[in-house]
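We have chain A already, so just place chain B with the ligands on it with the hints.
Protein chains: 2
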Amino acid sequence: MSGPLLTVKASAQTTPSGNPLPSWNDGAPKQAILDFVRATTDTASPNHVPPEDRIAVFDQDGTLWVEHPMYTQVMYCLERVPAVTAGKPALKDVEPFKTVLSGDREAIAKLSMRDLEEILAATLTGMSVDEFDAEAKQWLETARHPRWKRPYTELVYQPMLEVLRFLRDNGYKTYIVTGGGQDFVRVYAEQVYGIPPEQVIGSAGGTKYGYGNDGKPFLTKEPKLILNDNDAGKPEGIHLMVGRRPYAAFGNSTGDREMLEWTGAGAGARLKMLVLHDDDAREYAYGPAQGLPDSKVGTFTSALYDEAKKDGWSVISMKNDWKRIFAFQ
Amino acid sequence: MSGPLLTVKASAQTTPSGNPLPSWNDGAPKQAILDFVRATTDTASPNHVPPEDRIAVFDQDGTLWVEHPMYTQVMYCLERVPAVTAGKPALKDVEPFKTVLSGDREAIAKLSMRDLEEILAATLTGMSVDEFDAEAKQWLETARHPRWKRPYTELVYQPMLEVLRFLRDNGYKTYIVTGGGQDFVRVYAEQVYGIPPEQVIGSAGGTKYGYGNDGKPFLTKEPKLILNDNDAGKPEGIHLMVGRRPYAAFGNSTGDREMLEWTGAGAGARLKMLVLHDDDAREYAYGPAQGLPDSKVGTFTSALYDEAKKDGWSVISMKNDWKRIFAFQ
Ligand SMILES: [Ca+2]
Ligand SMILES: [Ca+2]
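Here the protein sequences come in this chain order: A and B. All letters in the first sequence, in the order written, are residues 0 to 328 by numbering that gives the first Met the number 0. All letters in the second sequence, in the order written, are residues 0 to 328 by numbering that gives the first Met the number 0.
Hints are computed from structural coordinates only; laboratory data are not their basis. Note that this is a predicted model, so its numbers are computed, not measured. Honestly, I wouldn't trust all of these hints.
Said to hold, decoys possible - In silico lysine-lysine, PhoX-like type, Cα no more than 25 Å apart, as pairs:
no., chain 1, residue 1, chain 2, residue 2
1, B, K109, B, K295
2, A, K309, B, K215
3, B, K207, A, K223
Chain A extracted, bound-state conformation (with noise of 0.2 Å):
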């Protein structure tokens, strides 16, 4: 392991002029980013992280890409909706299936918690992994954000992208640690962010293992849920994946505080940070910390964004830390 890790340093260290963070304005998060790789990857520091331990965790949704109006993986399942109903027409005439099927945006902003639950089961299980896989691929390519009107891949944060990258290039493992769907998430994340879908932490569902007509093994995608990776279930579902403490982690939302508060428990340097949606005109703005606007989507509290300044975590606004939000801007 020492020889690719060694290799991966020194490539960092013969660069000490270049820019890591070139989408980044300097100001405190910047510098608590820089401050954190040097702290745990200088060998003459106190706070030296061995190699195999750097494992840096980030939240996707509001973290990595944009969430609003609302979570992409919740667009995925609603516009599969007629796909689904095609293939089992006495649905389209009940609910909530009516409702996706009829269009009418205001009665489906009006969905329950337990109609989305029912969607969310029709869309994402009952098929093979491999027939999920396609379908949400599939998805993926043709889908467009209401407001940009490109792929949902596209719009993804370019500053996290290089922080990503900056993480990698110092022996950083990158995680995601994700309340939306493990299956989904890991379509997608090798391309769009680098992390191989070993490397991505989901609520998960079970599955369960059978043989086709043909006597060739598959799995069937269960609705039951193993994983509720949201709140405690981060730190949870980081123990069972990864089996280690980050060191590094990366929220924008009260789901993420339990995942900060455990990688901030540990010993020495740790690198806590929140995304903060306070750039209407660029992307959204959202809260309620800082007196933004409410939202049931990627909430931000007050009381989360107090912990954050008692605890020393670092709160990144969107408006004033970054320099551009998307990589085709």
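Using the frame of chain A, we list chain B with the ligands on its own:
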């Protein structure tokens, strides 16, 4: 990623005269390993596998280390009973703890599966993950195998250590996929096998996030099974934790059948190998395949043997294919 992996590949290619499997006798199983690695890493091969897809999975008990007369983790649980009952004296006079404390080997061997589950729950759950790590580590340092009077961690098969290293030297990511406890195996897997915790998949219980009196968060091991990593649970666990199909799979019992089937159902060159314990002199002999004595621990049935022969899986004879079993011999 290409830099480090190219380095690894170059070093493997510059020692073509070296024997990567010195503890293996020449024969079909050794040749199958060598052929597989050549076929999947030679860029001119029709079965070349990109480095990021090179996943190899290994069962542990009976495949990487000794599992007789009893699985090591079960020995751990039985030997932890005095410490657990010391903390909860009321348990001392209650079955099955009373029998375990009696030291009566015959009575202990007759404990039911339900008794055993009660002992597992009492010794593997209810403590923080850090406490469990410390307890397991301490036991592994002092416990001795009844036959060899050596630490269990020395009873690993030298030929399999060579396979692990040979695959890693050729860009493979090696995983343990064990029916044993994930947290237990993670305590020593890095030191013993060179496999980091995040590449150990095992039977896993849930954890619960909470706060100590000092306000610090911790995770408590819960008696709730999330993944039963045996039989169909192995491919299901691989999907959950890795999200890619392995190219190579090693096992030794009926509990590995589905994992080898799942591996073999992929396209291209796939290596499927089973260790047959047929060496009573140097280790143990059990089947009941090939007329070997039957065993409840690590059962290798004739049906599994037939499936292996039919589907072109390799069966490794410990007696004939392994020059030596342990590093200390
Ligand atoms: Ca989020
Ligand atoms: Ca086994």
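Hints, one by one, checked against the model:
1. B:K109 - B:K295: Cα-Cα ~13 Å, so holds.
2. A:K309 - B:K215: holds (14 Å)
3. B:K207 - A:K223: holds (19 Å)
Comparing the model with each numbered hint stated earlier shows that all of them hold.
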